[in-house]
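Protein chains in written order, with this note's numbering: chain H, 1 to 311; chain D, 1001 to 1274; chain U, 2001 to 2421.
Because the hints were derived from the structure by calculation, they are not lab data. None of the values given here were measured: they were computed from a predicted structure. Hints are not guaranteed to be accurate.
What the hints assert, rightly or not - As a list, the in silico DSS-like pairs of lysine-lysine whose alpha-carbon atoms are at most 30 Å apart: (1) U:K2217 - H:K73; (2) U:K2334 - D:K1063; (3) U:K2046 - U:K2312.
Chain residues, written in single-letter form:
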Amino acid sequence: MRVGFLPRLSPAAAPYVLLSPFVLLFVVFGLFPLVFSFYLAFQSWEPTAGVSAMKFVGLDNFAFALTDEWFWKSLKNTAWLAVVSGVPQHVVAIPLAYFIHTSFKRSRNSVIGAYFLPYITSTVAIAMMFSTLFSTDYGLINLSLQALHGVPGLASLTPAEPTDWLGRAENIKPAIALVVFWRYVGFNTVLYLAALQTIPGDIYEAATMDGAGRWQQFWYITLPSLQPMIYFGVTLSMIGGLQLFEEPFILTGGRGGTDQTGMTTAMYMYRTAFEFNDFGGASALSWLLFVFVAVLTWLTNRAFKPRGPAA
Amino acid sequence: MRTDLLAPRAAYALVGVGALVMLLPFYFMFVFASHSRTEIFNLPPPLFFGSSFLSNLDILTTKIAFWRSLGWSLYVALASTALTLLFCSMGGYAFAMYEFRGKQPLFTLVMGTMLLPSFLGMIPSFMIMDAFGWIDQPRALYIPGAASAFGIFMMRQFVSSAIPRDLVEAARMDGCGEWGIYWRIVLPLLKPALGTLGLITFIASWNNFIGPLIVMRSPEMYTLPLALRSMQSPVNTEWGAVMAGSAIATLPLLVLFAISSRRLIDGLTAGAVK
Amino acid sequence: MATLQSHPLLHAALLSLVSLAGTASWAQAQTVLAISAYPAVDEIAKAAIPAFKKKHPEVEVKITSRAFADHHTAMTTALSTASSLPDVMVLEYGYVGRFAEGGGLEDLGAAPYNLQSQQARIVSFAYRQGTTSAGKLVAMPTDIGPGTLLYRTDVLKKAGLTEADLTLSWDSYVASGIKIKAATGAYLMAHARDIKDIMIRADIKPGEGLYLDKNGKVLVDTPRFVRAFDLAKKVREQKLDGKIASWSNEWSEGFKRGTIATQMSGAWLAGHLSTWLAPDTKGQWRAAQLPEKAYGSWGGSFYSIPKGAKNKALAAEFIQMMTLTPELQLAAFKAQDAFPALLEVHNNAFFEQPIDFLGGQKARLLWRDAARKITAVEVHKLDPIADEIINTELDKVLDQGKDVRTALADAKALIERRAKR
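Next comes chain H alone, as it looks inside the complex (with noise of 0.2 Å):
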């Protein structure tokens, strides 16, 4: 049972060659930049002028940013949106996948696509469409909000007012939030449908026959399985949501948005970078960011971490 041309491998040998091609890309590629950043982390530098044009300032950058009161507002904007807008993509992707698994047989692909189809729109497309479909007077949004405040029973949740949602403040974050949950609840469900699949469809039968209803089914088979996928899902966009750049920056047109509200730290990172020209302090957010988020992370690793002999 060998692979004809490929040499023998010995299993303590396999693992490094099996890795070999990606180590070598990721050191290259992958560490350089970020060892580059964190030297340009303790540097003052003003890109147009130059490489010559660094100047070793220690920790100065860091301390800016930790009194900056921008960095502590985009950093409590980030985790709002990362919350609300990652929370929800779950909860619903995985009793979804699980629904269309196990009940559409036909029209899988179809139903799946839907779902899907945001995640592949391109950011430009997504930007000429939103600002559309929140436009306050004739937007998509505020109508269907308007004709669902005529139903009974459902005025107590609908505003009475047409909304402005890229302009007021308070209503800039859960416009974004709303466009980060369509864009990547598909992605979810797809992720979680592929597990789904992996999981033997004897145990399901085996359960059934022994009386088990399709809730209980759902709680203690399908959930522990899936535990590898969620860990894997949940800290995937928790990542993401921690990075949120795009739809911030192409719903607030690059800048924020009223009084700073839609201004991630990513965002905020970027204009220092590329508007205002520091990228010795843009470094330096980074580098924070960097360790709020792998704070996060080992949080989570910690929550959701499948144990067991394959972990």
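Dock chains D and U against the given chain H, drawing on the hints supplied.
Chains D and U alone, transformed into the frame defined by chain H:
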């Protein structure tokens, strides 16, 4: 028992409505692609298809090398997907199935890179590409991405949950070489994961514009996102044409998704652990 | 036994590879002049290539165009490592200051370019704008965006007002707005920020930049800021602005329906209104100078040569051609609404032509007049961040009712904090 009858029907309805809501902005993109920019900026905006698609297409192909950029995007995305699937499945398998020195620190380091936003690496990436002479070359776009932290993370998780150790041990005892195990046992079982990662990688490569922005100097070498963005002037964008370009740009992704989602279902039968 | 989903796709990959190889253009053994620009300057440069080819048939001119922000990001990246630089770099008005102070651009005023000798032929503020604090001309202006007040004459008439009511002073402008609102329901302006933007640019004393002066002292609590904020607040309180962002659906709809009575902008907006924003409102707009004799510039493009460029002599020739040839400057004006920075073009008969969209008004005379009166503003590297800080404080004043003087004091503290670094 009554909930057992009602719940599925309500669930179907909810899922159906959800699907329509997901599709709505997408639908608008295609609608806008068929209108002139004056019409797009109307209030209320157009709800149904218009008649300007061909003229938008005309503007699109005159202003930028649209089909050529499409070709480049395709080439780069395919190469990127192939390389990423190969390297990440090998690496993910290694992390999941083997014990070796430096395993945990290496994995933590790789995961660590995921925590830094991509654009901070812009300038050092540019320096590297320049040093290698890779500026204006497609390989600068697909080679670095193959070391995807996301990809190796995903593969590791999948191997952990889909491939039992006993299977690998049994194969080893049967005299199967390490490559054989990887190639003939592990990869087939990973089909759903490969399909998913392949799809995600393809899409990421297709929509990526920061990479090409740094690396490409000549308009003939632009990939689609860069080409479409280059049509956007601060005050004078041909929005109809941009929408038409964006709409067409999503079609290959739709096709790819249609193909690979069938494979995802086939993966169910391949998941036989016996 | 391939398990990758690659069969049909591998096929497609091979096919696309083959077709690309067939269409790839291999490098010619001739000089290539590389120009980096953004829309619409790229079109203007492209249109001028035949003229350049006549002088230099052996040179191939290659124009790389990127979206506006992408272009400046790419140029920042290229300058940071001094590699992959174009021969000719186009820069926009808002970015020129940053790039100029960086030191990566050639001094076009000195030998061998000697463009300083042409100073008198260029609109003075634009020339100053491309000059560093050390007096080096690093960016040669090619077009400018003289500010104008575009207003709806039908709305004005309905409110019983005249143009003079709008332009006499800022106070009369706002007072007119109240009357317009009462008589027609239309907003005076799209967003209160617009009035702030113009007012802080008035009354700049020599040695002062927009937000900081030459010695780094922060100026945001000076009278021009206080007055600007006070009036913006009044505009909001009187509900004279539509809280409408530029380039949004509401904005263009506001023009179409006449619910936005005036718009302060570069003169080029008139062209956009007539071509696609609100073509059906033809004849109902007029142009005027900005209120209280304020003069400002909205945008404008400059040509520069990076120090790391390969073909500097050719680049200089191209730039001279684009900026100092009256025919080309006029052609750009006619085709792309790029208002010439070359003074002698302003005497062309084209400027005397009535503009249909503006009801036959000879607005170009107005604009060339304004162009001469615009004063250059000293640029400081903290300008972009100061701009952001001021806008954020204005948001607080407008939306949360924050006191103007407190807001400006907070802004000053924030800017000073950054100035200390």
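Structure-based check of all given hints:
| no. | hint | result |
| --- | --- | --- |
| 1 | U:K2217 - H:K73 | 27 Å, holds |
| 2 | U:K2334 - D:K1063 | 19 Å, holds |
| 3 | U:K2046 - U:K2312 | 19 Å, holds |
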